[in-house]
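Student: Numbering (this note's numbering), first residue to last: 85 to 220.
Take the hints with a grain of salt, since some may be wrong.
[What the hints assert, rightly or not] Distance ranges between label pairs, derived from CB positions: (1) Q99 <-> G165: 16 to 24 Å; (2) Q99 <-> E169: 30 to 38 Å; (3) R211 <-> D139: 19 to 27 Å; (4) D139 <-> G184: 29 to 37 Å; (5) A107 <-> R130: 17 to 25 Å; (6) C167 <-> E205: 17 to 25 Å; (7) A183 <-> D153: 15 to 23 Å; (8) G174 <-> A107: 29 to 37 Å; (9) Q120 <-> I195: 30 to 38 Å; (10) A151 <-> R130: 15 to 23 Å; (11) R211 <-> E190: 18 to 26 Å; (12) A141 <-> D187: 31 to 39 Å; (13) V201 <-> C167: 29 to 37 Å; (14) E118 <-> A151: 13 to 21 Å.
Calculated directly from the structure, the hints in this document are not laboratory data.
Just so we're clear, the structure is a prediction, and the values are computed from it rather than from any experiment.
The beta-carbon is built from N, C-alpha and C at its ideal position, and this holds for glycine as well.
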Amino acid sequence: MAVFQTFYVSRATRQLDDASIEALLQSSRRGNTERQITGCLLFSGRCFAQVLEGDRADVESLLTRVAADPRHTDIRVLSEGRCCEREYPGWTMGYLHDAGLDDDLETLLMIPQRSVVVVAEVMERMRPDPVMGALR
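Modelling step: build the complete structure from the supplied sequences, incorporating the hints.
Tutor: Below, the structure is given as structure tokens:
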């Protein structure tokens, strides 16, 4: 069954501590379970990257709410379209903290037209590991 997937990056508007991230993840997981949305959130300390997948209307509605969230700004959708199957089945919201990706995410925010390779690299880092399972 085909699924709609979107990938965006954004810049954090303030520092977020572990408790703030955990609260964000818990809220996201509850809502995503209800909407049958799966995906992964990456936070580098300065920037976010997120993959969302599910029914197109549900994903686009969620992305509209995400865009209004004051915890981030400069949202750039860099990839969207239909996939043959979910890449994050069972992940109502995986999470990866990787400060090493700050420069890559900044590149995606500042030079989106040169981002095809960087998008692929970041999305690859966010994919579930079949042996290790969910990141968090």
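Student: All hints are to be evaluated individually against the structure, with a verdict given for each.
Tutor: Structure-based check of each hint:
1. Q99 <-> G165: 16 to 24 Å: violated, 33 Å
2. Q99 <-> E169: 30 to 38 Å: holds, 37 Å
3. R211 <-> D139: 19 to 27 Å: Between R211 and D139, where Cβ atoms are some 21 Å apart, the hint holds.
4. D139 <-> G184: 29 to 37 Å: holds, 33 Å
5. A107 <-> R130: 17 to 25 Å: Taking Cβ atoms as reference, A107 and R130 lie about 19 Å apart, which means the hint holds.
6. C167 <-> E205: 17 to 25 Å: holds, 18 Å
7. A183 <-> D153: 15 to 23 Å: holds, 21 Å
8. G174 <-> A107: 29 to 37 Å: The hinted range 29 to 37 Å is violated for G174 and A107, with Cβ atoms some 22 Å apart.
9. Q120 <-> I195: 30 to 38 Å: holds, 34 Å
10. A151 <-> R130: 15 to 23 Å: Given range 15 to 23 Å: holds, Cβ gap about 18 Å.
11. R211 <-> E190: 18 to 26 Å: holds, 21 Å
12. A141 <-> D187: 31 to 39 Å: holds, 35 Å
13. V201 <-> C167: 29 to 37 Å: For V201 and C167 the Cβ distance comes to about 19 Å; the hint is violated.
14. E118 <-> A151: 13 to 21 Å: holds, 20 Å
In terms of the numbered hints stated before, the structure departs from hints 1, 8 and 13, listed from lowest to highest.
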